Amino acid sequence: MVAGAVTDAVSLTGEPAVTPALVREHSLNEMEYARIVELLGRTPTFTELGVFSALWSEHCSYKHSRPVLKTFPTTGPHVVQGPGENAGVLRLPEGWAVAFKIESHNHPSAVEPYQGAATGVGGILRDVFTMGARPVALLNSLRFGPLEEPRNRYLFAGVVRGVGDYGNCVGVPTLGGEVNFAPGYSGNPLVNAMCVGLLRENELIRAAAQGVGNVLLVVGARTGRDGIHGASFASEELSEKSEARRPQVQVGDPFTEKLLLEASLELITSGLIVAIQDMGAAGLTSSSAEMAARGGVGVEIDTSLVPTREPDMTPYEILLSESQERMLIVAEPHRLPEIQSVCIRWELTATPIGHVTDDGVFRVRHDGQTVVAIPGQRLVDDCPVYLPEAKEGEEARSRRATVDPGAPVVDLEGALEMLLDHPNIASKRWVYEQYDSTVQASTVLPPGSDAGVIRVPGARFGLAMTIDCNSRLVSLDPYEGGKAAVAEAARNLACTGARPLGLTDCLNFGNPERPEVFFQFRESARGISDACRVFGTPVTGGNVSFYNESPRGAIDPTPTIGMVGLLSRVEDRVGSHFDSARDEVFIIGETSGILGGSAYWAEVCDFVGGDPPAVDLEAELQLQRFLVAAAEQRMLRSAHDCSEGGLAVTLAEAAMGGPYVPGSLGACLDLTGYAPDVPVDGVLYGEDGARAVVTCAPLQITRLIALANEHGVPVFHAGRVESAGTLELQVGAHLFSWSTDALRRIYSEAIPRRMQHTAVDRMAGE
Amino acid sequence: MTFRVHVRVMPREGLLDPQGQAVEHALSALGFEEAGAVRIGRAIELDVAAASRDEAETRARQMCDKLLANPVTEDYLLEVEED
Amino acid sequence: MTFRVHVRVMPREGLLDPQGQAVEHALSALGFEEAGAVRIGRAIELDVAAASRDEAETRARQMCDKLLANPVTEDYLLEVEED
Amino acid sequence: MPRVAVVRFPGSNCDLDTLRAAEGVGADAYLVWHRDTDLRDADVVILPGGFSYGDYLRSGAIARFSPIMQAVQRHAAAGGPVLGICNGFQILCEADLLPGALLRNAGLSFVSKPVDVIVERPDTAFTCDYDSDCRLRLPVAHGDGRFVAAPDTLRMLEAEGRVVLRYVAATERSPFQPNPNGSANHIAGICNADGNVVGIMPHPERAADRLLGLTGGSGFFTSMVTLHQDS
Ligand SMILES: Nc1ncnc2c1ncn2[C@@H]1O[C@H](COP(=O)(O)OP(=O)(O)O)[C@@H](O)[C@H]1O
Ligand SMILES: [Mg+2]
Chain A
1 MVAGAVTDAV
11 SLTGEPAVTP
21 ALVREHSLNE
31 MEYARIVELL
41 GRTPTFTELG
51 VFSALWSEHC
61 SYKHSRPVLK
71 TFPTTGPHVV
81 QGPGENAGVL
91 RLPEGWAVAF
101 KIESHNHPSA
111 VEPYQGAATG
121 VGGILRDVFT
131 MGARPVALLN
141 SLRFGPLEEP
151 RNRYLFAGVV
161 RGVGDYGNCV
171 GVPTLGGEVN
181 FAPGYSGNPL
191 VNAMCVGLLR
201 ENELIRAAAQ
211 GVGNVLLVVG
221 ARTGRDGIHG
231 ASFASEELSE
241 KSEARRPQVQ
251 VGDPFTEKLL
261 LEASLELITS
271 GLIVAIQDMG
281 AAGLTSSSAE
291 MAARGGVGVE
301 IDTSLVPTRE
311 PDMTPYEILL
321 SESQERMLIV
331 AEPHRLPEIQ
341 SVCIRWELTA
351 TPIGHVTDDG
361 VFRVRHDGQT
371 VVAIPGQRLV
381 DDCPVYLPEA
391 KEGEEARSRR
401 ATVDPGAPVV
411 DLEGALEMLL
421 DHPNIASKRW
431 VYEQYDSTVQ
441 ASTVLPPGSD
451 AGVIRVPGAR
461 FGLAMTIDCN
471 SRLVSLDPYE
481 GGKAAVAEAA
491 RNLACTGARP
501 LGLTDCLNFG
511 NPERPEVFFQ
521 FRESARGISD
531 ACRVFGTPVT
541 GGNVSFYNES
551 PRGAIDPTPT
561 IGMVGLLSRV
571 EDRVGSHFDS
581 ARDEVFIIGE
591 TSGILGGSAY
601 WAEVCDFVGG
611 DPPAVDLEAE
621 LQLQRFLVAA
631 AEQRMLRSAH
641 DCSEGGLAVT
651 LAEAAMGGPY
661 VPGSLGACLD
671 LTGYAPDVPV
681 DGVLYGEDGA
691 RAVVTCAPLQ
701 ITRLIALANE
711 HGVPVFHAGR
721 VESAGTLELQ
731 VGAHLFSWST
741 DALRRIYSEA
751 IPRRMQHTAV
761 DRMAGE
Chain B
1001 MTFRVHVRVM
1011 PREGLLDPQG
1021 QAVEHALSAL
1031 GFEEAGAVRI
1041 GRAIELDVAA
1051 ASRDEAETRA
1061 RQMCDKLLAN
1071 PVTEDYLLEV
1081 EED
Chain C
2001 MTFRVHVRVM
2011 PREGLLDPQG
2021 QAVEHALSAL
2031 GFEEAGAVRI
2041 GRAIELDVAA
2051 ASRDEAETRA
2061 RQMCDKLLAN
2071 PVTEDYLLEV
2081 EED
Chain D
3001 MPRVAVVRFP
3011 GSNCDLDTLR
3021 AAEGVGADAY
3031 LVWHRDTDLR
3041 DADVVILPGG
3051 FSYGDYLRSG
3061 AIARFSPIMQ
3071 AVQRHAAAGG
3081 PVLGICNGFQ
3091 ILCEADLLPG
3101 ALLRNAGLSF
3111 VSKPVDVIVE
3121 RPDTAFTCDY
3131 DSDCRLRLPV
3141 AHGDGRFVAA
3151 PDTLRMLEAE
3161 GRVVLRYVAA
3171 TERSPFQPNP
3181 NGSANHIAGI
3191 CNADGNVVGI
3201 MPHPERAADR
3211 LLGLTGGSGF
3221 FTSMVTLHQD
3231 S
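Chains as they are written, first to last, in this note's numbering: chain A, 1 to 766; chain B, 1001 to 1083; chain C, 2001 to 2083; chain D, 3001 to 3231.
A few of these clues could be false.
Which chain B residues face chain A? A few, computed with CB under 7 Å, are given here [what the hints assert, rightly or not]: (1) G1014; (2) L1016; (3) P1018; (4) T1073; (5) L1077; (6) V1080.
Covered stretches of chain C (chain B as the covering partner; in silico rule of three or more C-beta atoms under 8 Å from a C-beta of chain B) [as the list claims (entries may be wrong)]: (7) 2011–2018; (8) 2021–2032; (9) 2041–2048; (10) 2062–2072.
Think of the hints as simulated: they come from the structure by calculation, not from any bench.
No experiment lies behind these values; they were computed from the predicted model shown.
Glycine included, each C-beta is placed from N, C-alpha and C at the ideal position.
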């Protein structure tokens, strides 16, 4: 039944009539449109259609993911803010708290890698400082097609430069990340950026509009025509057609971001404002509508008051623009002069554009006419929710069932060199040397270790962080792959000595309306949830990015996990490389030798498939506890987790040493008694979880073994670190021997060698 | 024959140009209030060996399309000069 | 009156121009062997309000000397266009 | 204790790190806003790293016109010690307090990593606690660090011993290229004719704490104190 119109609004002269064709162009289906008409009690105006299109896009509304996201564990004694705000917040010692969040910028980066990645970093920084937290670290997770294709090299080079230039200028160190290359990402790269911020817990601010009569202000950059419909663009597959529909590229301005950061934090800590929200996807529309809905109030905005970069912008354009480096602030009217003076000092303008109302309506006026009048709560709440069909794809099923990958192309000794030369495993120094990793003078473990660690000036504790996902595992078995991603992140933290606290996730998938994609999504989320419950690490927020498909097909499912952990004493942190000759080497955890889903099968046998080892969450938890306890008792000289490439790669990485040591160490190890029933290829290259390689000083041997027994983790004394640069490995009758300097050359040259002539791929920007 | 080609690669109209904006701001702070609409791009100069001016221009245009300008964010302008 | 001023700021002759070199190398790898002597600088465009073309040019020259070009490493070239 | 003014430009991002490092050696350190015109009786002035005005146009080009720079000029002219770190070095060159210019790295990419340098001028206000020719490991993090100057300027800098820091290879087996940015003569830092104005690309404030893995930078800060106590 169509009730009478709630309130009236008009289309402006010259605006197109709202027709079925126009509705379709706005990516709204018939059912959704019918719901809009019912909700309004009339036909929407042109501007309202734009507003619904943005807010009911997948990107803003989570219409295909909400029921699944609800299953995540989100609570815990140390959770200060769970999902629902710009960033999640966890409690730390000494009155501190950590705010952190991850976000994708995949589609913009596919179109314009430099600006797409740069503005992705800008967006995630704003999510964190709008909580009142000072950004102290950035991480990023990147996926591209193989570097053999020039376009992929161009995207990779451009994205890395964009990520770097933005964070470097704002002055936030990049502490870690991951980069992975697989054919599934050709044509649809992934750019996930994570930001970690610190705040005093009592200075937390939330983005809920409150107080009828309070003023809405826009602060920061002027509004241009950039990125109009970016939210709906991000909610469709990339195709030839998207070329034409492509929104005007958003250009990042990190200098203005830095000014916004300082001004926002000053406004928040001085208590001058009621609420603050960044303008991200769907710009002014989503920031104002979401703030109003969170506060349970209405807002009225006059778009003709918004400072624009170009003349004659329509309310439709102003509402949907995704110009970067803008904030929306709610404040009491009498605070305006003080707010202005803070903004002016930071060379920014703060412009009143509207106020909070008591009628719950999201109302927009332009030059005296009402162009939008929508019941605000319903605008956010009434978006349809879909629970698509889920069914495992045939291809994944048959790949998983394969037990024989075919013959390896090199022998077991050569396989290590081949793996170290693969860009997925090789040193990422080419990437992280373009990122300032030491600004803020707090970096205790820079990129190149299992996790980044920072200190907090004046505090005793340290903060560790990492970002992980092995999408090959997820594509073969999404449930186990989801578990594995969380387990790997937690293990990485624990190797530095940090106790995992909580996580943020970025769920990158193909088109959820396809059953095999939705199956991957639902199952990996279930895996993440189960792992979180066992580890006691709540999900405090995240992001979903669907429709990552190109004409070549969907991406590999990639649920990226960003995790933070706590070191009670920062000086207890443990690095991942061997420290000194004569230290003793232990392997912690068991090896089943299963090679399904391994890098060895993928690269050396040229077959992606097999059944990956199941993730034993209890064993993972015991390993984490052991590693943290050993670090706290200062037993460890190094700890490095086993993941892609298995034990052989882990040992090689530990022996080669950090990127800036003058020369490699070596080791003389005998694994004969370690996994006697497992074939040699499985011992070297199997990717069982719950394992790490640790070293200790000779005097600590007994204590270390006792501590492992106490925690119920299997421990094997394999040998010792040698000063000679040879990695010698006895496994039963086989003796392997590699020069670690030679391995190191392969490992460090793999990516630079492939990126030598990026300028040829296209010189992008200056 | 060799031709000297001058290319100006400018940020596409409507796109934010933070550099131009910062410079405009700085100019006015320095007392150059008469300056406005500042845009900053790249100037590229190169020699092109070609049989004719037209050929030089055609080739230079191909270089721009393929490498020198980013079609997503930039427009370019060519001038060919006989050496 | 308003004049549109085009400024090209180029790296001084003799100075290493790694960007120019990289582009030259890339051009030849892409099959543009006829390109050479590539130099890359900045292109700046701005409006200048002035009573005459001469005045616009004088002011623009002052802007270059003071801010737009670095006399230690760069040379500049001006063109003034009536709007 | 010396009064150390750390100038804060709107896009500075090493200002607080530098302030903390100065405080760490007991200096009476404070921030001065770029729009101020008074250095508040500073004994020492530091222009910290960052992106003063986004480094748009050229690094340091816009910052040199900030109101505070006139006070810095006067302080320098009166023989007062001035240290420019990274972006601060770029500003000092743009402001003609130091010769030459810092251009885009030869490798065209931003470079962030530790480098080895030797101290060739151990008699400035910022290096007097170092031994002559001692080696330090310090982080660099910059996109525009390639020092260039006219040939006769370079000859003069060398002849007058005004190279304060020079990039060197660590050891025979060193993983480093000695020169991270293609700087002329491997120059990492220089001073003016009187030796009171010093500009360096590496970041000593990020290498003044054992916990951060590098400690070689603390001498820049202790030197200020030593010099102040001697005078
Ligand atoms: N995968 C997810 N897991 C948990 N929470 C999520 C996930 N995706 C989104 N959320 C939460 O939903 C809320 C809305 O997300 P989003 O629209 O991405 O925020 P923003 O406005 O900052 O872009 C956020 O609080 C976010 O943390
Ligand atoms: Mg947000």
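Using 7 Å as the Cβ threshold, decide whether V1080 of chain B counts as touching chain A.
-> This interface hint is violated because 21 Å lies over the 7 Å limit.
Given coverage of the stretch 2041–2048 of chain C by chain B, checked by CB-CB distance under 8 Å (3 or more): holds (count 8)
Q: Have a go at the T1073 of chain B hint: is there a Cβ in chain A nearer than 7 Å to its own Cβ?
A: 5 Å, holds
Restraint outcome when L1016 of chain B is required to lie within 7 Å of chain A by C-beta distance: Holds: closest Cβ of chain A sits about 4 Å from L1016 of chain B, inside 7 Å.
Item to complete: Identify whether the interface hint at P1018 of chain B stands, where standing means a beta carbon of chain A within less than 7 Å of its own.
Response: 4 Å, holds
Query - Residue hint L1077 of chain B, partner chain A, criterion CB-CB below 7 Å - result: 17 Å, violated
8 Å C-beta criterion, at least three residues: is the stretch 2011–2018 of chain C covered by chain B: It is violated: at least three residues are needed, and the stretch 2011–2018 of chain C offers just 0 whose Cβ sits closer than 8 Å to chain B.
| message | Min Cβ distance, G1014 of chain B to chain A: is it shorter than 7 Å? | response | Hint holds; G1014 of chain B Cβ to chain A Cβ min 6 Å, cut 7 Å.
Cβ contact check, 8 Å cutoff: the stretch 2021–2032 of chain C against chain B, three residues minimum: holds (count 6)
Self-check item: Per-stretch coverage check for the stretch 2062–2072 of chain C, three Cβ contacts closer than 8 Å to chain B
Solution: With 5 residues close enough to chain B, the hint holds.
The structure is inconsistent with the numbered hints 5, 6 and 7, although it conforms to all the rest.
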